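Each chain, written out:
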Amino acid sequence: GDSVTQMEGPVTLSEEAFLTINCTYTATGYPSLFWYVQYPGEGLQLLLKATKADDKGSNKGFEATYRKETTSFHLEKGSVQVSDSAVYFCALSLQTGANNLFFGTGTRLTVIP
Amino acid sequence: EAGVAQSPRYKIIEKRQSVAFWCNPISGHATLYWYQQILGQGPKLLIQFQNNGVVDDSQLPKDRFSAERLKGVDSTLKIQPAKLEDSAVYLCASSLALYGYTFGSGTRLTVV
Numbered sequence: 001g002d003s004v005t006q007m008e009g010p011v012t013l014s015e016e017a018f019l020t021i022n023c024t025y026t027a028t029g030y031p032s033l034f035w036y037v038q039y040p041g042e043g044l045q046l047l048l049k050a051t052k053a054d055d056k057g058s059n060k061g062f063e064a065t066y067r068k069e070t071t072s073f074h075l076e077k078g079s080v081q082v083s084d085s086a087v088y089f090c091a092l093s094l095q096t097g098a099n100n101l102f103f104g105t106g107t108r109l110t111v112i113p
Numbered sequence: 001e002a003g004v005a006q007s008p009r010y011k012i013i014e015k016r017q018s019v020a021f022w023c024n025p026i027s028g029h030a031t032l033y034w035y036q037q038i039l040g041q042g043p044k045l046l047i048q049f050q051n052n053g054v055v056d057d058s059q060l061p062k063d064r065f066s067a068e069r070l071k072g073v074d075s076t077l078k079i080q081p082a083k084l085e086d087s088a089v090y091l092c093a094s095s096l097a098l099y100g101y102t103f104g105s106g107t108r109l110t111v112v
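One line per chain: the protein sequences are A and B, in this order.
Under this note's numbering, the first residue of the first sequence is numbered 1, with each subsequent residue one higher.
Under this note's numbering, the first residue of the second sequence is numbered 1, with each subsequent residue one higher.
Hints are supplied without guarantee of correctness; some may be wrong.
[What the hints assert, rightly or not] Result set (BS3-like, lysine-lysine): computed pairs, CA atoms no more than 30 Å apart in a straight line:
#  : chain 1 : residue 1 : chain 2 : residue 2
1  : B       : K83       : A       : K52
2  : B       : K44       : B       : K78
3  : B       : K71       : B       : K44
4  : A       : K77       : A       : K60
5  : B       : K44       : A       : K60
6  : B       : K11       : B       : K71
7  : B       : K78       : A       : K56
8  : B       : K83       : B       : K62
9  : B       : K78       : B       : K62
10 : B       : K44       : A       : K77
11 : B       : K44       : A       : K68
12 : B       : K44       : B       : K62
13 : B       : K44       : B       : K11
14 : B       : K15       : B       : K83
Hint data in this document are derived by calculation from the structure and do not stem from the laboratory.
As the structure is a computational prediction, the values presented were derived from the model and not from experiment.
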């Protein structure tokens, strides 16, 4: 079935360190891929998305590239800040059907000063 | 624009009791979703509405969970009777199109 596998956390980094959170997927057809972020006490927010192979999504310094050959959508940021501390979810949605989102288990990131 | 409103924010009940959650989507959003997020897991879809019709409820445990969306606006999700394993955050989301998902802050349910 359709699923997303995320790098397990938690991840703890020092401020200005480089961040990578791995995400791979299994899907029938051609899914759209998403990264959502959940800050403490808040709801899920869309961070970035990509709808087809080789697309790069970017927002707030975060980037992820849709790699069909490796079925991956890894999240990266060159220099993290304390304010980036949150839980990050990789998700996919099929282009057809009900369009609901399939989420990974989430990766908790803590950035220390 | 106003976001997706959910209430209550927190709820603690004993097992076998009933509970209801309410969601008010963003105005004009035809599609409404209920997700269940168990601690340490990603959200899982329970039910999706398009206006006031059900699109997908294949993951809804229908022996104890029910949901309705009267008049295609507000929605309620009910659990009766609750079990310990229903402890989770229940998220409501609405969308106008696939990429316009907006999530509410969720209702954290604890069943003791």
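Here's how the hints hold up against the structure:
Between the alpha carbons of B/K83 and A/K52 the distance comes to roughly 41 Å, so the proposed pair goes past 30 Å and is violated. For the hint linking B/K44 to B/K78, the alpha-carbon distance of about 16 Å falls within 30 Å, and the restraint holds. Straight-line distance between C-alpha atoms of B/K71 and B/K44 comes to about 25 Å, which keeps the hinted pair within the 30 Å bound. For the hint linking A/K77 to A/K60, the alpha-carbon distance of about 9 Å falls within 30 Å, and the restraint holds.
Proximity of B/K44 to A/K60 is assessed by CA-CA distance (about 26 Å); at most 30 Å being required, the pair is judged to hold. Straight-line distance between C-alpha atoms of B/K11 and B/K71 comes to about 26 Å, which keeps the hinted pair within the 30 Å bound. Restraint check for B/K78 and A/K56: the C-alpha separation of about 40 Å exceeds 30 Å, so the hint is violated. Distance restraint check for B/K83 and B/K62: the Cα-Cα separation of roughly 14 Å lies within the 30 Å cut-off, and the hinted pair is therefore satisfied.
Our distance criterion of 30 Å between C-alpha atoms is met by B/K78 and B/K62, whose separation comes to about 10 Å. Between the alpha carbons of B/K44 and A/K77 the distance comes to roughly 27 Å, so the proposed pair stays at or under 30 Å and holds. For the proposed pair B/K44 and A/K68, the alpha carbon gap of about 24 Å is at most 30 Å, so the pair holds. A C-alpha spacing of about 15 Å is found between B/K44 and B/K62, which places the hinted pair at or below 30 Å, so the restraint holds.
Taken as a hint, the B/K44 and B/K11 pair is honoured in the structure, with Cα atoms around 20 Å apart against an allowance of 30 Å. With a CA separation close to 5 Å, the supplied pair B/K15 and B/K83 stays within the 30 Å bound.
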